[in-house]
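Chemist: Here is how the chains run, residue by residue.
There are 2 protein chains.
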Amino acid sequence: MHQINGEMIIGRKAVQGKEGTVKAVDPSRNEQIEPAFGLASNAELEQACKLAGEAFDKYRETTPEVRAKFLETIADRIMDLGPALIERAMQESGLPQARLEGERGRTCNQLRLFAKVVRDGRYLSATLDSALPTRAPAPRPDLRLRKIGLGPVAVFGASNFPLAFSVAGGDTASALAAGCPVVVKAHSAHLGTSELVGKAVQQAAIESDMPEGVFSMLIGSGQTIGQNLVAHPAIKAVGFTGSRAGGIALMKTAAARNEPIPVYAEMSSINPVFLLEGALASNDKLPQQFADSATLGAGQFCTNPGLLIAIESPALDKFVEGATAALQAKGAATMLTPGIHSAYNKGVAQLAGVEGVSLIAQGKTGDLPCGAVAGLYAATGATFLAKPELESEIFGPTSLLIRCKDEAELLAVAEHVEGQLTAAVHATAADIGAAKKLLPTLERKAGRILFNGFGTGVEVSHAMVHGGPFPSTSDSRSTSVGAGAIDRFLRPVSYQDVPAELLPAALADGNPLAIPRVVDGELVLK
Amino acid sequence: MHQINGEMIIGRKAVQGKEGTVKAVDPSRNEQIEPAFGLASNAELEQACKLAGEAFDKYRETTPEVRAKFLETIADRIMDLGPALIERAMQESGLPQARLEGERGRTCNQLRLFAKVVRDGRYLSATLDSALPTRAPAPRPDLRLRKIGLGPVAVFGASNFPLAFSVAGGDTASALAAGCPVVVKAHSAHLGTSELVGKAVQQAAIESDMPEGVFSMLIGSGQTIGQNLVAHPAIKAVGFTGSRAGGIALMKTAAARNEPIPVYAEMSSINPVFLLEGALASNDKLPQQFADSATLGAGQFCTNPGLLIAIESPALDKFVEGATAALQAKGAATMLTPGIHSAYNKGVAQLAGVEGVSLIAQGKTGDLPCGAVAGLYAATGATFLAKPELESEIFGPTSLLIRCKDEAELLAVAEHVEGQLTAAVHATAADIGAAKKLLPTLERKAGRILFNGFGTGVEVSHAMVHGGPFPSTSDSRSTSVGAGAIDRFLRPVSYQDVPAELLPAALADGNPLAIPRVVDGELVLK
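So the sequence lines, in the order shown, correspond to chains A and B.
Quick note on numbering that gives the first Met the number 0: the first sequence kicks off at 0 and runs consecutively.
Quick note on numbering that gives the first Met the number 0: the second sequence kicks off at 0 and runs consecutively.
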């Protein structure tokens, strides 16, 4: 059982693509893993999109309970895969067992959170304005608003979270919760993991009696199948996590369609960490905390602390000393793919070659074929402000420390950085004045602002924002993690004087779904 | 008092542009009106954007009460303009006094609605997840989310609503409510009206002690000043109402920026009206209601009923007879500008020239220089399905009736149309079965679905959606009318473990703003 056949998923079928084959790679050995996966033709893409389009009207009108149960059943079927899933994901990603087990838990919790979101019904934004038939000069009609799904969503999984940001990850879970069928383009870095999870979703859809096209998963290259998927008229939105170049390519394709569609691309972030003087002077654990966060998952987190910013001081020198020791103790770690490993080494070499940038510390090297060596570099504030290339994300465990001459330069650096997923501030009570000056800038720059921590932990909850201004994402109005992720795939529809027998349950008299609604401008809980 | 000087508004200054001049035109006489308006240079654009950028942090942190009062003061200052505003708007637009007085009321009500929205605070989406310091395997941090403004917004007014969709119209009101400074590009069709209203906003900003850059208004061409405004790095979102070509040009500019920004363009809609058999047979007033809606404001409504769809029947023949009589009784009406008038005539001629399209009825002609003659044309369902050019919006009082051979063809026509602002269904109890089949398609196609009415009235309320799939707007996730319009200019920010003294009031312990908040996943009213 749980065999991997090299198949993609087209509705209720498992299909072996005929446009060539590709194999997954074990990055810890730099060797291919069996079996071969067949690549999709455009006919398969066409079929997946057609089924998704046909499924939409039926799927989006499933009751909250049915849809919530479907999401929970997906979680159950993923758990049913047992160790087979974890073993394959370890092979394909080089990530350790505990991390992948944790990520599996996160993935299932995420599906269950969206089941709760669907049952709670706040996402519908149900709103009713009563008719005022005798109002002068003109009567007011009966108006009722709810949100519905945008339509079928194309999902592109990320290499660095083969479960939580992939086939049944946050994009898929939130799109399905919103009532949108999903067509996944499987990530080539974890094809076997994708097949296992894809079949779990397919199984849950069958058990839950969902319309056939509610879920499909294609295998193919981003340049061909990926681009064609985004260009397909049946697709109405895109969820993507990956590189800046990849995200921008999808944005361009989506904007060039006859009907442009929204793209939610989470792309590039260096996550500035401001080390204020009081914190540097009083928190002995800071160097170790930094080193741990910077090397977590071989530095392959979107929220990795790529940029440290501090004002010159003896306390900063002491931090550098401690960080040096902590980093030097870090062993090399296998990266997700040979391609990511070579891009990392290239990025580090480019950084090291920039005039004014100096190496502070390096982690241990080793003989892993895709092993990333941790690194910390430094430059002055003036250098950073003058050299835009220092803002390029290096995906992996290398950070750059900006040594500012004074507070004004630190604030200038904050104002200079591009949009970010996170911005962290390490501060004590003595730093509150400086933090207050920094905060308005950080609000404009980042989706999440955190104090006395590092951004690498991303809680799946209601108040999380995993998003931020460009280029951290393509759409700062959204989050890809947490309950708010469902809002990305919804649009409002207003019903004016629609007969009672045609009104959706969310808007019916008597509030049969018992959801919060805004009635004549006032929020009513149920 | 209330003199018109030909000036634009740069923060607290009134400035006469030096890049040439332009005059408004009275379309009822086809003659220019004094005075000459000076056109902006890039230096003035730069200054307006710089001030807006500088104002943002201060303006967005004004208290709800201060910001709401500012919006209400704008409404008061507009009313203070008295008859001078209405007279100038009549001259510039050719629209009658009662219509413009009504539109002024709508504009002020809209500002007051957004004052209420700001005080209610639901738009902030305040959300709190409590810290769980003892949770295993990892503690949960304290997470709090609120929405903040995107940043300065560029607003492009519409020709057809010189008050309600212009300088202090829905885009400006909702952007200011969201905490975003606004830079308006004044519409060349009503420059004097714009100056009067712009100075009322400026006056309100001064009285309310707002930061200088909270509002500016530039005069210039769309191709130069308009495009440069959208391209300016300080601008973070765009509100536009106008033509499809104009909207698409702004979308392209916004997407090509180093930092792409959202464009909310309301563009092109032909607003299909489905006349089902029971309604045709029983509602004698339908022909007159149609003719009144089609010719309202010389047909210059975004929600004008441009497309009628019905199944062949004796009742349809009778409707056509009645509509013919009703339209023939309609006099020609002055259009907004000579350019719109000639575009209308060109559009009608193109429609009339399409093979398979026949003229049913025309309104009266007259000797108005910019007078629009009402018209009704007809084609079969098969012709409509075969000829995409029949979907082009004709801005003005001309509609096309699609005569379908059966219900299947009617449903095919519904599925064939592009995205719309509105879709109307005329139905009696006997038509409920057919309406039920139609509804899912209309939900996918339109932002507002209405029964037994025409879409030309757009209520300013909580449950209104004035938006819809492309090409009716550039972003189906939004509405440009009603309380929801504020959501267009907001983005979420998450605060993790942020010290109490740095938290915004919306997220503070004890809920000092007394706003609804989601606390640990549950909605709490205050």
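Calculated directly from the structure, the hints in this document are not laboratory data.
Among these hints, one or two may not hold up.
If several chains are the same, the list does not tell them apart, and a pair holds so long as it fits within one copy or across any two.
Derived SDA-like pairs: lysine to any residue, alpha-carbon spacing no greater than 20 Å straight-line [to be verified]: (1) Lys317 <-> Gly370; (2) Lys435 <-> Pro503; (3) Lys435 <-> Asp56; (4) Lys49 <-> Glu417; (5) Lys525 <-> Ala13; (6) Lys525 <-> Asp119; (7) Lys57 <-> Ile431; (8) Lys345 <-> Pro132; (9) Lys386 <-> Gly346; (10) Lys17 <-> Arg98; (11) Lys525 <-> Pro515.
Fair warning: this is a prediction, and the values are worked out from it, not measured in the lab.
Chemist: For each hint, tell me whether it holds in the structure or not.
Modeler: Results for each hint:
Proximity of Lys317 to Gly370 under the C-alpha cut-off of 20 Å is found in neither arrangement, the shortest distances being 29 Å within a copy and 80 Å between copies. In this homomeric assembly, Lys435 and Pro503 come within 20 Å of each other (Cα to Cα) only across copies, at 11 Å, whereas the closest approach inside a single copy is 47 Å. For the homomeric pair Lys435 and Asp56, the shortest alpha-carbon distance between copies (12 Å) is at most 20 Å, but the shortest distance inside one copy (49 Å) is not. Taking identical chains as interchangeable, the C-alpha atoms of Lys49 and Glu417 lie at most 20 Å apart only when they sit on different chains, with a minimum of 18 Å there against 39 Å within one chain.
In this assembly of identical chains, Lys525 and Ala13 lie within 20 Å of each other by CA distance neither inside one copy nor across copies; the values are 43 Å within and 51 Å between. Proximity of Lys525 to Asp119 under the C-alpha cut-off of 20 Å is found in both arrangements, the shortest distances being 10 Å within a copy and 18 Å between copies. In this assembly of identical chains, the alpha carbons of Lys57 and Ile431 lie at most 20 Å apart only when taken from different copies (19 Å versus 54 Å within one copy). For a Cα distance limit of 20 Å, the shortest separation of Lys345 from Pro132 qualifies neither inside one copy, at 70 Å, nor across copies, at 40 Å.
Taking the shortest Cα distances, Lys386 and Gly346 sit within 20 Å of each other inside one copy (15 Å), while across copies they are farther apart (53 Å). For the homomeric pair Lys17 and Arg98, neither the shortest alpha-carbon distance inside one copy (35 Å) nor that between copies (65 Å) is at most 20 Å. In the homo-oligomer, the alpha carbons of Lys525 and Pro515 lie at most 20 Å apart both inside one protomer (5 Å) and across protomers (14 Å), since each shortest distance falls under that limit.
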